[in-house]
Structure formats: structure tokens, C-alpha cells
Amino acid sequence: MTMQPASTEIASRTAAIIQELKGLEGPLLPILHGIQEEFGHVPQDALPVIAEALNISKAEVHGVVTFYHDYRSHPAGRHVLKLCQAEACQSMGSDAIAAKLKQLLGIGFHETARDGSVTLEPVYCLGLCACAPSAMLDGEVIGRLDDEKLDEIVAEVRS
Amino acid sequence: MGLVQEIDYGTPASTSEKQVTLTVDGFTVTVPEGTSIMRASMEAGIAIPKLCATDMVDAFGSCRLCLVEIDGRNGTPSSCTTPVAPGMVVHTQTGRLKDIRRGVMELYISDHPLDCLTCAANGDCELQTQAGVVGLRDVRYGYEGDNHVFKKNDGVENFKWMEKDESNPYFTYDPSKCIVCSRCVRACEEVQGTFALTIEGRGFESRVSPGMHQLFIDSECVSCGACVQACPTATLSEKSVIKIGQPEHSVVTTCAYCGVGCSFKAEMRGDELVRMVPYKDGKANRGHSCVKGRFAYGYSTHKERILNPMIREKVTDPWREVSWEEALTHTANEFRRIQYQYGRTSIGGITSSRCTNEETYLVQKLIRQGFRNNNVDTCARVCHSPTGYGLGQTFGTSAGTQDFDSIEKTDVVMIIGANPTDAHPVFASRMKKRLRKGAKLIVLDPRRTDIVRSAHIEAQHHLPLKPGTNVAVVTALAHVIVTEGLFDEAFIRERCDWDEFQDWASFVALPENSPEVVGQLANVDPEEIRGAARLFATGGNGAIYYGLGVTEHSQGSTTVIAIANLAMATGNIGRPGVGVNPLRGQNNVQGSCDMGSFPHELPGYRHISGDAVRDIYESLWGIKLDDEPGLRIPNMLDAAVDGSFKGLYVQGEDILQSDPDTKHVAAGLAAMECVVVHDLFLNETANYAHVFLPGSTFLEKDGTFTNAERRINRVRKVMAPRNGLADWEVTQRLAQAMGLAWNYQHPSEIMDEIAKTTPSFAKVSYDYLDKMGSVQWPCNEQAPEGTPIMHIDGFVRGKGKFIRTEYVATDERTGPRFPLLLTTGRILSQYNVGAQTRRTDNIMWHSEDRLEIHPHDAENRGLRDGDWVRLTSRSGETTLRALITDKVSPGVVYTTFHHPDTQANVITTDFSDWATNCPEYKVTAVQVGASNGPSEWQRDYDEQARNSRRIATLEAAE
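Those protein sequences? They're chains P and Y, same order as listed.
Using my numbering, read the first sequence as starting at 13 and increasing by one per residue.
Using my numbering, read the second sequence as starting at 350 and increasing by one per residue.
Calculated directly from the structure, the hints in this document are not laboratory data.
Here the structure is a predicted model, which is why all the values come from computation and not from measurement.
Don't take each hint at face value.
Only pairs whose alpha carbons sit at most 30 angstroms apart, straight line, appear in this in silico DSBU-like list of lysine-lysine [stated by the list, open to error]:
no.	chain 1	residue 1	chain 2	residue 2
1	P	Lys34	Y	Lys789
2	Y	Lys789	Y	Lys1150
3	P	Lys112	Y	Lys501
4	P	Lys112	Y	Lys509
5	Y	Lys1105	Y	Lys1120
6	Y	Lys786	Y	Lys629
7	Y	Lys367	Y	Lys782
8	Y	Lys758	Y	Lys1112
9	Y	Lys1105	Y	Lys1148
10	Y	Lys592	Y	Lys500
11	Y	Lys592	Y	Lys509
12	Y	Lys1066	Y	Lys592
13	P	Lys34	Y	Lys782
14	P	Lys114	Y	Lys509
15	Y	Lys500	Y	Lys513
16	Y	Lys592	Y	Lys501
17	Y	Lys509	Y	Lys588
18	Y	Lys815	Y	Lys789
19	P	Lys114	P	Lys161
20	Y	Lys500	P	Lys114
21	Y	Lys501	P	Lys114
22	Y	Lys367	Y	Lys789
23	Y	Lys1236	P	Lys34
24	Y	Lys501	Y	Lys513
25	Y	Lys786	P	Lys34
26	Y	Lys1236	Y	Lys652
27	Y	Lys588	Y	Lys447
Chain Y extracted, bound-state conformation:
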């Protein structure tokens, strides 16, 4: 198999369309204008020696190893910083160049340890390679005198020597091996955009410094790994490589964390994962990564991972480990018994946005074909269901309109209710890169998130609106655009219905939608609203990126519609650099929606009531489908409490922790007779489960994930499932136990069935994905190479539809008892409910959920930073520690939901989006006060959880 080798061209590609032809060592090569000689030479297959150059960052010209000679020019210019010119004749190896290079190399090596044999980078060290390339045979300078290599020189303390920094849990910094090429510093600046590293001192004193001569962990470093990847020596090394050794083969796969869907090379030694390295050909991430995808995979071997199926009669019993056979037969029997006893619709299932498309497809198929009902839902219900509804109504498709590359052509970025630097870090880095090149930024968010202002990035307009007022503020933006005549009439007349536009325009122009009125109720300066609207309408290509801060509201769908209206009114649809882009939370939330996970839709967003669509599946599956939508998650729980819903199959979702109003979820689960949890860990939902089916990680199976840009990426198996079966096999075995004649030999066969039945996937197959790398749906006869940008010549639904967006304040309001508004969100190092990231060293960055509170509100309540506080809402109460910060406005408090012992969702209410039932996580009226310790609920819950997780010791082997 071997390692997947990627060519390092030394400098980034030029995007020029003009071609230039030159000669390198007698070979003719043609490259785009602006390409460096180094890159052109590599294109011709000639590698010029180099150390400080790598194609992820701009040329720097410091190492003096890549010098070349050019006919007709004096001296020996560096090939990385010298652009090609027509007819140029370049020589990469002459006597003079060889001498210079050997001399330079000799100097490098004279201050570098010679412990190659025991060095972690042995076999993967560019310094070692280049020493070989230039033919270094001798270092005449010796090691006496100044050096950074030895702790002591002749028994005397060497103050230039610095101790290894092992503070970061995933990589070490060994200054004694540093050649000060600045690749790490430049990667941190140019690729990641954090600027956490610098070179301190000058001349021989120069060393890489995190922050202000701090430890990595204490600096601004976000542990994205870009520096480690850029380092040509062992100075920055993954601890896993130090511990295990160099990998011997690698497989390209897709990260299983957020909706960016980064491509990685899983570098292996045998079936042991040595490291994950971002893949430069990955079209979502273009060679970049974040702390989660790059490093936080340790959960797959965590000791708490459950590897054997387990069952129990009552949730108060300890778990009993059983064979797969017994667990699946038991489950099938229970489900059939419940259906016999309580009716066909008394059971259902929840598909996972963490699992593959193929697995999701199978779960909904099991429910529709095996359970014979439509009681299937997915966690997208609680995140982006309003996106599906809103964009479906206005544009005609339930997905983002762009690819991530589109950001490179954007002039004005508008971010609404999203925190990309924490939740979608790799895309945020690409966005920040564009912002540093001059694109403008507008942010609508109650908090001053990092993207509002951080090194070299500053929003032109930050509208710190009161939680719950999105619709009013976005409509006020439209008010300014309409009343000031800034709309794109030509676009609207051509692409949209002009009468509908006029109706909408007369609505948004009403005085009650003016910034002056809206500013009052949203606590935003009207001039900022006007400024933002003018900038968005007139600043060139405008792109809107939004997140759960838009959707998780009682008017989530309305805000999505308002966003779509705004994009259409300004003509920002249908070309690179513009569009409406939901930043989706989970790796495969787009895919799980595409795969028919909703109770009213079959794969490809086709309504269950459509006879033609049902026909396709009825003839293939040989059953009659119910033409009425089934139950949504909240309906299932309500029905359970009412006693009509008794059995649930939950694949890869922790509804108890992630869904709102935890007590209600708990009551629903407790009322069921057979709850089957299919997961990696005994999650919080499993506390109420009767059957536990161990899941497999993304490393242990084949499949596909679909990211936020509709890109279908391959997931490739790099090791056997530790639990014995991949998730798709578990679902298949369960289906077989229930009497269905399924016989998929490989996930590719499931994809073939999806392609055969779903028009937007018609051309997708594993062979095709292997050939193309990845494709963005729709991918069919009309768009054989997929669809990076949607609605290019017209909207999918025909004419774009303008819809009035009346602002209706949520019923959840502040008052004397609950005077503050709580909103919830995420943090960089943790992922969702934290089931995975809490089981990795990422815990070092975020060991508990904290309550962010403004200094004024804290002072009123006599709270100091770090105090335990009681957070109370109409639904419940919990305790956590306060974090006093002016990132939140007065009157607003904020927390994350990564830790089960905090249970932020005990607080959230059961209000939800009017169209889709997406819960209103982002607005809860609360009170905050001093506290002595955990709430009663937390104590009871903890007790129950501990009891529920008991596993009976195994009986003697049979």
C-alpha cells in the first residue's frame, strides 16, 4: 500500500491565466505567470534543494539552499522568490551552486544535533534529506563554541540551550533541533491565521517563540497542527510519532467531526493509527486541519468505549454482556412484541448525523421497510431543519449554495449566528485568509466572537443583537436596501417573481421594520444596521454564512427565509463568491438529511405523499409505504409520555444531552419499553436504554460523508472494527433478525441503491468518487462532475420566491423572575455533547462548561470570576462556574453544552421553530445567583447515571 505521497511544489500555485514558457536544466516547461522558478522546476520533475519553502505558505527566501543560476542574470537568486519569465534559461545544478549549497548545509548542521538514528523524524526529515541531496560529507566547524544543541558546553551551563516544551498534549517543541526556517511561524500566520508564533531575537539568538516566550499551552496557539506539519525537522513533532515511530502506509479518509468535512491521510503502522495529516487535495480543507480532526481521535481507543453488546430487563438493572446474536434477536423480538401489543406506529428510530450516508440510509430503510412506518427523525431536527425548510421554500433546495472555495472570491462576508473560529475552524481559517486580503466583514451575534476582532481581522460592523431578534434585524437590513434603492433590479426581474418582490418590498419598507424601530427592540445602534446593509448591498460579492444562532429559534425558519430574501434582493446568488451558506454542525448532517431521515421525506427531499416517489421504493423494497409523515423526535417523546410510543432505535445520537428540556426527554425515554442505543459509549441516553449495541468509529468502516458544501467525501476503513461489526452491518443484522432479506456485502452496494433511487445522486458510485476525489451533489447526467455552485442560471424551483418575514417575538421572555437571556454555543476544542472530545486530551483546553456573564450583571449579583453560580429558568436549574467577560452584552449570559454534568439543556425550554420544531436553544430567560454546589437535579442525575452504567461482571466462560 505505502504512504500516500504528496508533491511539495515549494511555493503556492499561481492563479494567472497567462502562460509562460521557460527552460530548466534543458527541459522546457510552461506554467502560469507568477509561478516561482522553484515550482516551475518541480512541475518539470526537477526538485531544487530547499528548506524554508513549502507550498502551503508564501516564499520567504531565507534558507539560501534553493539558489539557481539564470542565463543573462548576475548572481545566484533564490528560486522560491524569483518568478518565471518568458524564455528564461535556468540551471539548478552548477559547480558554483553545489559549493554554495554544501557550505550553507554545513553551517546548518554545525548547530544541529547528530542524533538522527534515535530522532523521531528519522526517515521523515527534510534537513536529513537535503544534507543527502547536497552531498554533505563533512562539517568542518565542529561543535565548540556557541550552539543551541548541548545543555552544557565543557561542563558549563549553555544558556542558549532550551528545554523541550511538552506542554501541548499532542506535540512537542524541541528548540535544540530548530533551524529557524520560519515555516511554523508562517503556517500559523498564513494558513491558520492565529499569529501565535514568532521568531524572537535576531541572528544566532533567533528561536521560535510561542506567544511572548511562553509555553505552547499558555500561548494563543489553537493546536491546529499547521506548524507541526510545516516543520522540516523534528523540532515540532507529534507525540504519537515520538511514541510509535514513523508510519508505513496511509489511507485518505474524511474527518468525522464538524460539517467542514476535511480530508485527512490516516497514517498507519499496521493497524495502529500513528497520526492524521490533512490532505492537500482535500477540496474542503486544502491541506489544513484543526485540533479536533488532527489530534482528537484518541476516543476510538478510550477505555470507556463499549465493545460488546449488552442488554437488561429494566434500566435499574446492571448491564449484561451478550453475543451479537442474542442482542439482535432480543431487539427484534422486543420491537415485534411492542408493535403487536401497541400498534405498528408504536416504535421508531433516529438516524445519526455522525454515521455515514450508507448507514443513515439503512436505518431509515429499516424503519420504513421493517417497522412499516415513517417514525424516523434525525438530530438535524434540533439544528438545521429550518435551513431545509427556508431554503427549500425560497430557492428550491435544502442546502447551501456554494463550495468553500467560493470564499476566495467574496468581497463582503456576513456572518449571522455562527462562530466559525470555534465551530468550523478550518473554514474559518480560509475565511480569515480572505478577510486579511481585504474582504469586509459584518457579524450579527449577541456575543463578540473571535471573528469579530482578532489579530489582523476586524469586522466593519458588529451587530450585538438581543437573542431572539434575528428576524427583525435581518428584515431591517432589507428595509435599508429597499428604501435606499440598493437592490439589484436586473437580477430580481430576471430570476425572481417581480410581483412577489414588490409585495415583499412594500412589507420590509414599513416603518416598523426600519433600523430605528428595530434597533430599539434589538439593542442595536440603527446606524450600524444601516451601515451594514449599505456595505452588503454595494460592497461587491456578498456571501452570507450562518449557523445555529439562526436556526435554533422559534422563528428559525423565518430568519432563514429573511436571509434568502436578502441574498436575492442584492443579486448575491448563482456565482462564485456569493450565496447563502449554512455552516452545518456535524460531519454528515447534510447527508443524513439527504438520505431521507425526516418523517415526511424520502431520500433526496421528496415528500412521502408523492405517489411517484413511493412507487420507486415500494417496487424496490416490495412493501407498501405509509403516505402520511411519521413522528418527529419531540412528537415521539410526547407520544411516549402519553403511552402510545414504546420502542426506539437510536443510532449515534445522545438525545438526552443534546435535545432541549432534558427532563421531558428523560420522562419520554423512561416511559418506553425498549430503547436501543447504538453508540461508541454509554452516553447519557443509554442511561435509559434496554439494549446497547456497540458502534464503530469512522476509522473502522467504509462509507461516505456529505459536508456543508454538499460534497460527498469517501470515508475509508483503516482498521477492523474493535467492536466486531461496522455500524451498517449492525443495522443490516438487525433488519435480518426482523425478517428482512438484506444482503449488502459492502457499503458501495448501498450507495448504488441510493444512486439508483435518488436523482440528485444518480452518477455517484464508489468508483466514481475514487476517480474524482469527491463530488458535490446534484451529480447526475445534467451535472456529471457535480455542482459546486447552485442556481447558476436560475433557481432550482424556477423563480426565486420572496416571502414576507414578520417578526414575532418568542414567548420566552425576560421578566422580574428571569431577567437575563441565556444563549448557548460551542468551543473550539470540544465537539457537540463532548462524547468524543471529552475522552481525548482536548479536555486540557476546556475541562468544564462555564457561564459567561457581563461584569455589570455579575457585579449586581455579587459574583466573582470562577464562583459557582445557580442558573435557573422556567424549566429547571443547574450550577456551573461563572466566567466574567465583556464578550457578552449586559443582559445576556452564555454557556456551552459539552459536559453532561452541567446539563445546560435542563435549562432550555421546549419552545421550538413554528415550521420544523427545531428547538429554541438560543433563547432562554434565566436568573443567575450565587450557589454552594450542584443542584438537586444534578445530584439525582449523577446518582442515576452512575447506577445505570453498571455492567455485571462476566459469568464463567461456557
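Isolated chain P (complex conformation):
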């Protein structure tokens, strides 16, 4: 696991990101993206710094961060695999795909493999219904999942 940076370090790196993006209209989401990019997640210690800088309450920042599933409270694995669980994919067997993947990776949804190789997450529609069942690995979409493609995915994340 990556070491968690100390809270003072988080504060100073957060402050730099805020400084850069504060001038935007509606700066909160871009700042949170910037922080997630910087730390790989949105550390809890960053939230009061954002609240103070934007002159909003800590509760408001917390509300926004928890509303969006893409903002992580903990660092993800080296790879992030998102498996679509929405209606179209379900009708094309994504439940079975999910079960298989969980078994192959030895983790459940919202979990990260012990070796830090991969994080598995459900996602609700990738806009790829025509190619269901679908997934997204590190930002790249993959359509028409089948056993063969699963094996490829597992091999890649384990490599």
C-alpha cells in the first residue's frame, strides 16, 4: 500500500492545487479532480483546506465529495476496473461476468487486491450498451466481454 502523506503535506499540496484552480467559475469539482490526480484519492485532510479557501463549510465539501463515486476516500490499486452493472449489460449477462471476475481477482466490488494491483468497481452505464456487457480498464472501454477477454484483463492487471 502507498504510504499516506502526512496531513501538513496534504494541506500544502492541496493549497497549491486550489491556488491554481480557484479562479475558475465553480472551482470545487476541478479542485477535487486535481486533488484526486495528485494523491490518487481525495484525502479527508484536504477537505477543510478546500472549505477554508473557498469560504464554504466543511459539510458542503463533504456532501459534494461523497455524492460523486469517482472521488475516492482511499487510494485505488494500480489498475481500476469498472464493470457495467446497468440494465442493458445485465440483460446480456453482466451478473455472471461480475461473479467470474470477482472469483478470478479474489476481490469484491469496491475492493482492492491485497497486492494493490487492481480495484474493482461497478459502474452504471458506460454508454456502450450496443456492445454489452462492457467494462472500462484504466479509462479504456472494453465491449462484448466474454471469458477470453476476462482472462486477458486479469493477465494485464496482474502483470
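Please arrange chain Y on chain P, whose structure you already have, making use of the hints.
Just chain Y now, kept in the frame of chain P:
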């Protein structure tokens, strides 16, 4: 009697003047443009089912219960978010709507516990009511699967279930009952303006979260109670309701804490107070409250409250409980003996700003008619006496010029020496609401108070001036306005004396009053002064709100005059949205001043030397009044030390803790032969008392309080006095014991006497107040409905008077021995000397007074946060713990005075305002150093206090 019912219209009222007519279920209704269909329907008497809507907050449209059908429109829009339109035809109950509502309700109930019978909100639950309204008979979904209701599902831990949060002393948060309507979150944002709550997560995961998934007590929550009031279920419930049960009747009364004067419904079960709920028709608070008024009433039943009269020969003796008869006869005899022995003027009294107008009137009457002298004073001496003087001189009345509603029309708010979010929280919320809508803010304060910058509020200009330089800085603002030609010439020519203005203008224009010179001595950036002045003069309606940071200085009266000059020069007087507004500290400090509590004034601010005024009272009271002013509080204490003043009747004020230079006060009290303290508790002054008369709380008597906007509000008795007599009855009995033929049967008769003798109260009576709700004085033939805004067509004194305001630095200066400046103030959860709030759970937020010190000053002295420090001035020393913060500037330290064991006033000096003797609490030169523990004074004092509070065990019953 029953509960006072208030209609919830669902959405706030529209202020539009244009009217719109529509039809709701066949009934025609006309409402202002911009009104929601929901509100219009309620106006027509038709209640549309709703859960997420309540009229204290804006429409949200999330619960989908208030849907309606509109002829000619598709779908089923929500009535809370859809505004009315001319000729609109609305149907609130159709087959389709009924089905939708039942379906929505069924989903709500499928994730809500069915423990209605044992639920604290049983009988007061909107979810329960709406389930009944929509005719829910069946929940088809069952409770299997995901829910927030059960700790375990089939024996397996349910991670969606959350434990109750009971961390707040006054209310609980039970997430299992939450329907996520967001009413609490919106109330916290829109009504209170704290933004302490949010909805965390999304979809079925959503829950209310204080702060960042914290406990309420650890979050930014200020415990104002707005969320509890907004909650439609038992999710947020008062602990008192959980403990006692639902109230069965309620009475509208007025809070007895600060000068905002909030109206509350005291909700009762029998004579037991279940809860205090802010009253929407209350014109000062408009349905809002703070942690003190809403929750901190537990002192009235605190075990330390004294319920029996007590006397003792010497203050070193233990107290002896006696009958009312004995206590009052003893007091009367003592006072008469002292007067016989030392002269008519050797006794006096102090009226209370905590008691009602009627009680205050009686105390000054007792002194003038019974003691036959004018030795009456009140605690306003130590707070807002410079306001009375300054505004009297410039405008002609000793009071604020506006009502609180005026803030809604203000464009530029200037706050000087006031900390409204802590000391006047309900008004601060109204102010913050206006600021969030775009009004600009200027703050003059040595500290960076919360209003300077907090969520969604930020002052355009904060002038962190050095304590003691108010006059210089306010005059520098005027300098900019005059020299840059920003004054309102038309207003000045019409309303003020032009020659006086020119004289004043030539004075403020002098180079020594320029921001560049003043900035140097006040440690303020001159550009900030210039910016603030320009903004105030040109930003539209400018209103000045000020507090004790203005008055409690050796030049307090001068600053008040400078403020009045500023308002007149910019034409900011005489209409809504502007004005000069003292934020008064105590519930009835305005009233106690109005009631003739000062040694030189009869009720209505009429000088004692006026023959016509004395005639009125002399003929009514059948005595000859002394035409010379009597002694002020500091004079009484000086005279006591000199041996010519021997007896004092103190109603509801703790002068030992609240007045400056504690040692001098103690010496004065110790030199007297009969000190009578009339109070709820054995306060610090009572340590030097010979007679203790137990007081009654605001819940136990009828009367009126007058708030900072001159509003006369009714106080209504909801329970019998636990001590047996209301305070006005005690004073009356004392007067009778002294031989006066008083015979008031009810406080309304006292008010009738006040109205009969005081022109500005001429039309006030209890019947009239019941009819009007409340009125703002002057209330007489000229202004039968009272006077929300003063000086509309001209100043009360005729022409507004400009007076030069020369800055004279206080004699209290820093030097090598005392290099720091101490200033004092308050905190939200505590009230004044804390006699009441320290005896409630509010102590959880502030269990001790701390010394705020800047990191630089702390580092120089090797102090860490939380260290015990010794605070020394020329007057004395005390110890307390340090709180290191950059809210104070370097060179300035700050503390509160809520706790007697700290005794901040041991430190303060006896310098005072040149005009009114108001003490200079806000500036004391001090030194701070590390300490090992309590000072010698604190140890001696503690010892003396403990000794003095002994009460002898009762002898066997006769």
C-alpha cells in the same frame, strides 16, 4: 388553552405587489405574483400533502407528494416549485394524484420504522400525518433487503444502519428515522446560515451528515435548533420531548437573554416546560432562535436556585432562611435605620436589565418615592449609556433608529465593535441572509470575528483597529467622505444644520484625521479606511450596527456621536435599510433605560430637573421629588468606601462580576451595612449581601421586555413562581413594608401607570399589545401603531446635530511593563456573567474563559496552546488558560467574562467614558506570562465565596 397553532404555508411569502388570481379545486384565490401554488392553495384553506416543504425555507421539490394537475399543462408538477399564473386552474386531488401520492408514501414507509406508538414524535409527526392524509393502508414492499431501519438484517450486521447521535446535549439525531427531505440541511443554510449540515452520499445511500460525517457536537453546528424545528419526523428531536412527551398547551412569550427579544412559544405539559419553540409571528426573530433562547432554560430549575428569602447579620455569617414577611420587614427596618443614621441619600438601588419594564419601573419608583432620593442606576451604565448620550445629543432620542426587518433593505452593513454571531445570534442570521443576497460588509473590530469571514460571508473591508482608536478611525472615514465630496448635501441641507455641518466638515478634513495619519496610530491600512468610506458612502442604503466595542471606552460617547455624524453625512437616516443601530446586550436594557433607571432621568428620558415632568410624578405619588440627579453606580461605590453610602437594593444584576475593577466593587460592597440582593442565585455580589430575596424567572411572571429595536414584547407567565412571588410582587411588598400604599394587582396596572405618565408609551396597554402582538415606541396618538423607523421626516430634536469628535487617546496605555492590550467580549453559548447559562448544558461549549493570544505574542513568551497564563494589569491579576489564534492581532489579547473563577474584571481598570462613566472594559494594558496556577486573589476570592455561600441548616419546624 391548547397549543398555539401556526399555519405552515409550505413556501415563503412573496413580496411582490402585483396580485394574481387563480382557481384551486374550484375556489378562487388571489395572491402576490411569485407565490407557489402550494402557498396559494393553503391561503384558500386547502392543504396540499407535503413533506419536504416548509415555509421557513425555499421550495426544493424533492418529496413528490405535493404534485398537482393544472388544466392545459402536461404532467403533474410539484406545487411547491411551481409559481401561480393568472387564470390557472389547479386540481389538488385527482385519481391520478392520489395514486402517485400513495405510491410515494409507500416507498417512504418501506424504509421507516413502524414504532409510532413509542416514538417521541407521536402526535407531532408530519410523516405520520401525511400517511394518514394520502390514505396509506398497505406497504407492499416489506422490510427485507436494503434498509436503514434495523441494526441487523436476518442476524447479519446492517451497515446502512447508523447509531443515534446523542452528542448534542439538547437534541438527538436518529438516522434510522430520516426520510432525507433535506429540510434540516436547508434550515441550517437558509435560516441559520451556518451550513453545518449536508446530505452525504447519493440515492439510497443518502443520509444527513453534520460536518464531515461527524457527531453534531464535533461539527460546526451552533445548536440553534432550526434543524430540529424543520424536521418532519422524529429524526431530530428535542431530548426534553423524548423525556417528557408531547406538550398539550403553549403560551407565546419573549426570551430573556439578549437584546434581540425573540418571541417563543413556551410549550407546556401542565406546569412543566417541554420546549421553547421560536414563534413565526415574532417580529424580531421571524421564527428563528439560538442555542440560548431555544434550549438554555434549565437554570430555572437548577438545584442552586434559591427559593427562600435569607438574612444574616454579617457577611461572614452563614445565611439563615426566613419567611418573606421577616426578610422584607428586616430590610425595610434596616433601610430606615440607615437613612435615620446616615441621611436620606445614604441608600440607593440598582434596577435590572433582565427584569420586566414593570419591575424596573417599580424599583425606580421605590427609590424615588420610598427612599426619597434619586440614587437609582442600572447596568446600562456599564454598557450602553454612551448610546443614550450620543444619540440623544445628535438625533434627539436615546435608541436605535430601525426595526430588525430593516436589514432586508440594507446594501452596505457596517459593524463596529460588535460580534453579532456570538452576542446577537438570531439577528446575525438575518444579517447573514442579507449578506448572502449581495449586501456588502464593513467590519471595524480588533478581532477577526466570525462575521468577517465564514461560510458564504466575507467582509469587503475588515479594519482590525487597535483597541481604543474607534474615534480616530470613524472620524477618518468621515474625512474621506468629506474630502472626496461623497456626502449627501441635499439630505444635510434639508435635515441638519448646514453651519454645524460645515464646522464639522472643516474639522474632519484636517490632515490629522486623514486615513494616512490615523492608520499609523490605529495599525490599519489607510487604503482599507478609504475603501470602506467610499463603499459606505456610495454603496446604496448604509446601515451601522454597533455594540459594546464602541461604548465601553473612555471615549464611548464620542464614538457614538462620530457614528451618528457618519450616518447623517451620508444621508443614511429615516428610511428602511439605513440607520444607526446599537445592538443591546440584555433582553430589557432598552426598557430599563426607558423606565427612568438613571439617576438624572424619569421614565421616557425626561431630566429630573424639569419641573413639568416632576409635577406629573409628584402629584401621582404624593411626594416631593429631589430635582438633583442622584448617584451613579461608581459614585455609590466610591461613596460607600468613603463611608457616606450604606445600603443598596440590587435587583437582578451581579455588579461584583460584571462591573470593572472588581476589587473596588468588593471594597464598596464590604463597606455597606445592608446590601440586599434580589436574584435567582447566590451570585458573586451576594457574597457581600445581608439580605437575599429569591427572584423569579421570565417563565414565572407577566410583564413586558423592550428589545434593541424599541419593540415592546409581552412576557407571559407559564408557571407559578417557584420562589412564591414574582419580582414585581417582591418590590411591592418591600415598598409596603416601608410604608408606601402600593396596591398593584397585576403588572398590567403598572403598565397603565407608565402609559399615563410617559408620552412615548401613551397608547401602550396589555390589551393593545395582545391585539397588535408587539409595538415599537413611540406609540401614542401621533404613532398609534408604533414607530418601526425613526426620524422619517426629520429628527426628533428638530435638526440633526453634527458634533466635532476629537480623538483623545485613553490614559490606559501600553508600556514596557504592560505591553499588550486586553479587550473583552462574549461567546455564543454563554450569556453575560453566565449565572444562567453556566447552569445549563451550554457549558459543554464553553467550560472556561480562555485568553486568546496571537502566535507571535505567545511564542515570545514561550506559551503553548492550553498553557496556564498569568494576566496582569495595573489593577490586578488573574490566571486562565491560553488559546493561541490569529483571530486577534499581534499586541492584542482577548477574553470572555462568563466565569466567576476567572474574574476578568479584576484586570480591568476604573477608567470610564467622559460623559456617562461607562467603564472602559475594552482597553486594558496587560502583561501575559506563564503561570503555575490560580493567583492569590483567585484563591482568596474562592475561599471567601465558599464561606459566604453557607446556608445554616434549618431549625426544627415550629
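TODO: Against the earlier hints, flag every one the structure doesn't satisfy and list their numbers going up.
DONE: 26, 27
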